[in-house]
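Number of protein chains: 2
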Amino acid sequence: MATSLEFLTEALRRLPGVGPKSAQRMAYHLLQHDREGAAMLSRALFQAVEAVHHCALCNTFTEDEICGTCRDEDRDKRMLCVVETPADQMMIEQTLTYKGLYFVLMGRLSPLDGIGPKDIHLEKLVERANDGVVGEVVLATNFTNEGEATAHYISELLKARGLKVSRLARGVPVGGELEYVDAGTIARAMLDRRTT
Amino acid sequence: MATSLEFLTEALRRLPGVGPKSAQRMAYHLLQHDREGAAMLSRALFQAVEAVHHCALCNTFTEDEICGTCRDEDRDKRMLCVVETPADQMMIEQTLTYKGLYFVLMGRLSPLDGIGPKDIHLEKLVERANDGVVGEVVLATNFTNEGEATAHYISELLKARGLKVSRLARGVPVGGELEYVDAGTIARAMLDRRTT
Numbered sequence: 001m002a003t004s005l006e007f008l009t010e011a012l013r014r015l016p017g018v019g020p021k022s023a024q025r026m027a028y029h030l031l032q033h034d035r036e037g038a039a040m041l042s043r044a045l046f047q048a049v050e051a052v053h054h055c056a057l058c059n060t061f062t063e064d065e066i067c068g069t070c071r072d073e074d075r076d077k078r079m080l081c082v083v084e085t086p087a088d089q090m091m092i093e094q095t096l097t098y099k100g101l102y103f104v105l106m107g108r109l110s111p112l113d114g115i116g117p118k119d120i121h122l123e124k125l126v127e128r129a130n131d132g133v134v135g136e137v138v139l140a141t142n143f144t145n146e147g148e149a150t151a152h153y154i155s156e157l158l159k160a161r162g163l164k165v166s167r168l169a170r171g172v173p174v175g176g177e178l179e180y181v182d183a184g185t186i187a188r189a190m191l192d193r194r195t196t
Numbered sequence: 001m002a003t004s005l006e007f008l009t010e011a012l013r014r015l016p017g018v019g020p021k022s023a024q025r026m027a028y029h030l031l032q033h034d035r036e037g038a039a040m041l042s043r044a045l046f047q048a049v050e051a052v053h054h055c056a057l058c059n060t061f062t063e064d065e066i067c068g069t070c071r072d073e074d075r076d077k078r079m080l081c082v083v084e085t086p087a088d089q090m091m092i093e094q095t096l097t098y099k100g101l102y103f104v105l106m107g108r109l110s111p112l113d114g115i116g117p118k119d120i121h122l123e124k125l126v127e128r129a130n131d132g133v134v135g136e137v138v139l140a141t142n143f144t145n146e147g148e149a150t151a152h153y154i155s156e157l158l159k160a161r162g163l164k165v166s167r168l169a170r171g172v173p174v175g176g177e178l179e180y181v182d183a184g185t186i187a188r189a190m191l192d193r194r195t196t
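Protein chains in written order, with the working numbering: chain A, 1 to 196; chain B, 1 to 196.
Just to be clear, a hint being listed does not mean it is correct.
If chains are identical, the list can't say which one is meant, so a pair holds when it fits in one copy or spans any two.
Heads up, simulated DSSO-like pairs for lysine-lysine below, C-alpha to C-alpha not over 30 angstroms straight-line [claimed, not checked]:
no.: 1; residue 1: K21; residue 2: K118
no.: 2; residue 1: K99; residue 2: K118
no.: 3; residue 1: K164; residue 2: K21
no.: 4; residue 1: K159; residue 2: K21
no.: 5; residue 1: K124; residue 2: K21
no.: 6; residue 1: K21; residue 2: K99
no.: 7; residue 1: K164; residue 2: K99
no.: 8; residue 1: K159; residue 2: K77
Think of the hints as simulated: they come from the structure by calculation, not from any bench. Fair warning: this is a prediction, and the values are worked out from it, not measured in the lab.
With the rest of the complex left out, here is chain A (with noise of 0.2 angstroms):
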């Protein structure tokens, strides 16, 4: 076998999620039915290695120095969402009910996989949250053992600091039947329940 094609199989695998025989799938796929794809990615690669770096305030990807969300003129500088990753926070925004700031962990809490604190900024997300114009940060991280774990860290972090932290609603959700909803979701609406 050519050893560019060991090569570019190999470096596949490190896409999270391949295995071997994926990896050969893949390169067999490129060289044999997409050439020009496979140019494509190596230069899109290259490009984003080189431009993409986090922003100073909120921590997402982007290729200047202040994302253009921080530079938003028109959002709600009190307010502060944070979210795991920069997918998290596109659904947010597809919402449309949101008109704050955001700061992207880019991880979870995961003492198992060892990643700590630091390994998701919460030093800058203290110092981005005390920077006396945030009033409010809200807290949306995923509803999933390690999502909340890391919501809880983050909470007592900051009301330490004389903050308000609030989390996003849990409960049935919107279309949903209580059939077939799960018993600790309902208990956890139950308990969360509004007056109307």
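Using the hints provided, position chain B relative to the given structure of chain A.
Using the frame of chain A, we list chain B on its own:
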């Protein structure tokens, strides 16, 4: 979001089996945790696109005009084994039971996907098999519907030119328990039974 990031996500979708969500996850992972891997993959893709071509004889991927297997003087030039992919060739090599040469189709006939005889280089195969030295062509395409159809098509093509054509035996896998083997395989094994 950054333009380089969007470009990278789009380029990652060119990989087989990678949808929008996976592409985004891969892009985030590379930029956040493995920029070295991203740079390596970029180089590997560039290098492979530049260097890897098809062997003039057996059609497999190689960086030379003729691949190492075809150049190997110790191989039996009277035998030609037809496989779908280089991975299949490697599996056969690992058995150490075959010392002839190969022809790699780089695919299989699949009318539904628009893959016809030209796409799997059957003209090149016919020319190759009619070099006056090859005496037997062993069809080792997969035992899927498409692989079987491909084998049948090639068989007719080569037999019409007076070549001896054989097919890998079908039957119960080594170590297979009849109870767990499908009826079609057992039926085939019964038809192809051998006197001992």
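What are the numbers of the hints the structure violates, in ascending order?
-> 3 and 4
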